[in-house]
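S.K.: Chains R and P, in that order, give the protein sequences.
Under the working numbering, the first residue of the first sequence is numbered 37, with each subsequent residue one higher.
Under the working numbering, the first residue of the second sequence is numbered 32, with each subsequent residue one higher.
By construction, these hints were calculated from the structure, which means they are not laboratory data.
For clarity, every value in this text was computed on a predicted model and none was experimentally measured.
Check the hints yourself; a few may be wrong.
What the hints assert, rightly or not - Below 25 Å or equal to it, Euclidean Cα-Cα: the simulated PhoX-like pairs (lysine-lysine) are:
| # | chain 1 | residue 1 | chain 2 | residue 2 |
| --- | --- | --- | --- | --- |
| 1 | R | Lys378 | P | Lys244 |
| 2 | P | Lys296 | P | Lys322 |
| 3 | P | Lys222 | P | Lys244 |
| 4 | R | Lys148 | R | Lys135 |
| 5 | P | Lys322 | R | Lys286 |
| 6 | R | Lys108 | R | Lys235 |
Said to hold, decoys possible - Selected chain R positions facing chain P (Cβ under 10 Å, derived; list incomplete):
| # | residue |
| --- | --- |
| 7 | Asn288 |
| 8 | Ser346 |
| 9 | Lys378 |
As the list claims (entries may be wrong) - Label-pair ranges, simulated between beta-carbon atoms:
| # | chain 1 | residue 1 | chain 2 | residue 2 | range |
| --- | --- | --- | --- | --- | --- |
| 10 | R | Gly370 | P | Gly407 | 28 to 38 Å |
| 11 | R | Gln164 | P | Ser270 | 53 to 63 Å |
| 12 | R | Lys340 | P | Gln374 | 56 to 66 Å |
| 13 | R | Ala337 | P | Gly407 | 54 to 64 Å |
| 14 | P | Lys404 | R | Glu341 | 24 to 34 Å |
| 15 | R | Lys286 | P | Lys404 | 51 to 61 Å |
| 16 | P | Arg333 | R | Gln164 | 52 to 62 Å |
| 17 | P | Asn170 | R | Glu185 | 29 to 39 Å |
| 18 | R | Glu350 | P | Ser126 | 40 to 50 Å |
| 19 | R | Gly349 | P | Val402 | 44 to 54 Å |
| 20 | P | Ser126 | R | Arg282 | 51 to 61 Å |
Ideal Cβ positions, reconstructed from N, Cα and C, are used throughout, including at glycine.
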Amino acid sequence: MNFTVSQKEFFDALQKVIGVVPPKTTISILTCILLDLRSGKLSLTGTDLEISITTTLDVNSSEEGSVAIPAKILVEIVRELPDVPLNIFSDADNKVTIKTEKGEYKLSTQPKEDFPQISVEEGELSFQMDSGLLGRMAEQTMFAVSADELRPALTGINMELLPGEIRFVATDGHRLAKITVSNGMIADDVRRNLIIPTKTLHLLLRNFEDDANVGLQIGEDHIVFTLDRAVVYSKLISGTYPNYERVLPKDNELRLQINRELLISSLRRVSIFSSSLTHQVRLMVAAEEVTVRSEDIEFGAEAKEVIPASFNGEWLQIGYNSNYLMDVLRHLDGEEVVFELKDATSAAILKPVERREGEEVLMLLMPIRINEASQAPASESSYSAE
Amino acid sequence: MSRTILHIDMDAFFAAVEQNDHPEWRGKPVVVGSDPQGGRGRGVVSTCSYEARRFGIHSAMPISRAWKLNPEAIYVRPRGRRYAGVSRQVMDLLSSFSPDIEQLSIDEAFLDITSTQKLFGGTEAMAVRIKAEIRAQTNLTASIGVAPNKFVAKIASDLRKPDGLVIVPEGGVEAFLAPLEISRLWGCGPKTVPVMQAMGIFTIGDLAARSQKELVDRFGQTGLHFWRLARGLDERPVSDAHTARSMSHETTFMTDCGDEEEMRKTLLGLCDDLAYDMRRHQVRGRTITLKIRLADFSTFTRSHSLERATDSSAELYQQALQLFSSFRREGQRVRLLGVALSQLQQGEGQMELFREGDGRSEKVDSIMDDVRKKFGAGAISRASLLHKRSDSQWIRE
């Protein structure tokens with residue numbers, strides 16, 4: 037193998053693949069990136085066996101071939117080099133040399149035959165999606181996934197394919213983000229639920245360039261995204277996604293409309309004064325204004341701000357984890373948002389006031405129970421400290 | 032940097048509170064625990080006064096043995112609420128001496144005074160003053176151990192009970208520990224002691240003289256732990272973050288129980304009480320442990336970890352029941368049942384979207400909580416427990 041490529045282009049390509057390479061693993065070949073050079077195209081592949089990413093770039097090639105190079109050292113040296121042409125070639129004793137005008141860097145490689153081949157069977161379902169739309173759907177939901185490895189289904193994005201409709205849903209059990217798009221991309225006889233690992237979508241977004249479209253190919257237990265210059269393969273998360281429809285409130289009749297940016301910036305200030313344990317803020321909602329309050333009893337600190345709003349009820353006091361609330365608000369579009377509420381202990385629905393054609397965005401947020409009364413003294417229970 | 036840690040331990044706490052509240056009991060043997068029923072009682076001693084200890088009575092002893100040792104003693108049932116109130120008073124007082132407080136249980140706490148001792152005229156003056164203020168405010172005595180770390184401070188407070196003050200200076204830790212019996216080491220229980228003795232290790236000093244390698248070879252990681260403790264090395268910080276690591280309820284049956292139905296009801300009652308405590312303290316637990324003591328006193332625990340922390344009575348009961356059903360008791364009767372929750376997390380009051388079931392059990396919980404808050408813990412009970420409400424026994428651990 038022998039080719040010449042600019043440092044910048046090569047480093048960009050490495051950046052797209054390195055995210056999937058596991059930093060620690062017992063299978064040492066997985067710490068490598070596979071370089072494969074064929075007819076003037078260099079493809080770089082990294083995998084952790086769950087997800088595999090291949091990106092391609094055009095290079096100046098003089099000899100085809102492939103090698104598996106330890107990813108960490110490769111990325112480190114390429115990052116440190118200036119943007120000059122790099123001549124990269126392998127020799128007979130399994131070494132790869134990166135050569136610039138001024139220097140020469142020699143790396144050991146691993147047997148390329150050991151690098152796992154991902155065999156992708158023909159997916160049973162395939163369609164094209166606007167990449168901007170896919171990106172937006174991913175970004176507006178990914179923040180709400182759970183980090184709890186014990187509930188694997190919730191660590192991913194639930195993608196629902198329904199006749200004429202695609203839905204992304206993410207939830208960690210405290211908040212939920214759902215975006216539905218209906219624009220006829222999906223055939224009428226399709227009905228399919230799949231849970232995509234969040235990491236897959238992160239890595240996919242990193243590979244977006246000027247692609248207009250993304251090809252999706254869905255198999256029994258995997259999904260493949262095809263871009264102009266990259267292919268992202270991922271296993272799906274097995275398991276059932278919780279029945280979130282059941283928890284979507286149907287009778288939230290109170291409506292609070294408020295400026296999104298104003299509320300976010302207010303929350304950012306007021307939440308500094310909230311307990312570092314609960315991050316609790318209180319919204320005291322009146323007909324024409326919302327008071328955002330928090331207090332940290334432990335440090336005797338408190339803060340409040342008043343923001344104009346419009347509310348069709350009389351008065352409601354409701355507590356939220358300020359981080360959750362800010363997350364939700366940041367991932368909504370538009371100037372104004374609407375809270376649909378019922379009472380202080382029920383889920384709130386948040387929606388943007390302006391909707392995009394054919395799209396419906398909905399966020400759900402569970403409140404924190406506000407405890408006004410001081411707690412009764414401990415009794416009848418035993419604590420053990422060790 | 033060297034630290035100054037206090038371990039404050041209230042002397043015979045429950046019994047002392049009782050003697051305070053009933054001045055006529057002062058100077059007499061007082062045993063706080065379950066009903067001795069003329070020597071047929073089946074619970075255990077929670078605490079007893081120093082006068083009772085002279086008869087050989089001590090905490091965790093079966094109440095029937097205590098009765099045999101001294102039937103004349105004053106036997107009283109524990110009053111948890113009262114003790115908790117006094118405990119709070121003491122803990123508040125301690126907090127005024129240093130913000131770095133770790134409450135270990137209802138009647139003991141660590142206090143890190145490294146940064147505040149100068150304000151109070153030095154270590155000894157401060158310890159003396161804390162004792163005096165506890166006495167002035169509650170009319171109770173406490174024993175205090177002062178040392179550069181938690182482990183040594185705890186041993187020190189126990190050395191001159193009651194009303195003791197033992198200060199172990201920075202350079203004197205090894206000399207202080209050396210003559211003490213190895214059983215004082217945390218983790219060195221009835222199973223380890225004979226093994227140590229067989230190795231010729233009788234005192235902490237003997238242990239400190241051994242090589243790290245020898246101990247690790249013999250006891251594994253625990254060996255390293257012993258080696259460090261024997262040299263007085265303990266860097267655990269005083270922190271209130273995880274003061275309570277578990278909460279539990281247990282009960283001893285009036286007569287050893289062979290009736291499945293009754294055991295299930297007892298479990299339900301225990302789970303109800305425990306879950307109520309969890310909710311009241313705004314914590315949730317992830318690991319449920321069932322404790323079973325059989326008629327022959329053999330004791331077993333079975334644990335199960337949930338996907339997420341819970342404070343729901345129904346969920347707790349369902350898990351406890353599963354552990355109970357899969358436990359093989361080979362026809363033996365059951366003497367004691369207990370339920371504990373550990374891996375506690377701050378409940379934060381953050382509500383969940385996906386509750387198991389239809390939310391009915393959550394409603395039941397919250398209604399029962401409201402009634403209990405207004406009218407006291409005994410004001411409401413599940414119908415299935417009406418005729419058989421076992422008395423939850425407060426056991427100190």
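S.K.: Are the hints correct? Go through all of them and say.
M.R.: Hints, one by one, checked against the model:
no. : hint                            : verdict
1   : R/Lys378 - P/Lys244             : 65 Å, violated
2   : P/Lys296 - P/Lys322             : 15 Å, holds
3   : P/Lys222 - P/Lys244             : 21 Å, holds
4   : R/Lys148 - R/Lys135             : 21 Å, holds
5   : P/Lys322 - R/Lys286             : 43 Å, violated
6   : R/Lys108 - R/Lys235             : 19 Å, holds
7   : Asn288                          : 14 Å, violated
8   : Ser346                          : 26 Å, violated
9   : Lys378                          : 13 Å, violated
10  : R/Gly370 - P/Gly407: 28 to 38 Å : 52 Å, violated
11  : R/Gln164 - P/Ser270: 53 to 63 Å : 56 Å, holds
12  : R/Lys340 - P/Gln374: 56 to 66 Å : 36 Å, violated
13  : R/Ala337 - P/Gly407: 54 to 64 Å : 35 Å, violated
14  : P/Lys404 - R/Glu341: 24 to 34 Å : 33 Å, holds
15  : R/Lys286 - P/Lys404: 51 to 61 Å : 31 Å, violated
16  : P/Arg333 - R/Gln164: 52 to 62 Å : 54 Å, holds
17  : P/Asn170 - R/Glu185: 29 to 39 Å : 53 Å, violated
18  : R/Glu350 - P/Ser126: 40 to 50 Å : 41 Å, holds
19  : R/Gly349 - P/Val402: 44 to 54 Å : 29 Å, violated
20  : P/Ser126 - R/Arg282: 51 to 61 Å : 46 Å, violated
Checked against the numbered hints given earlier, the structure breaks hints 1, 5, 7, 8, 9, 10, 12, 13, 15, 17, 19, 20 and satisfies all the rest.
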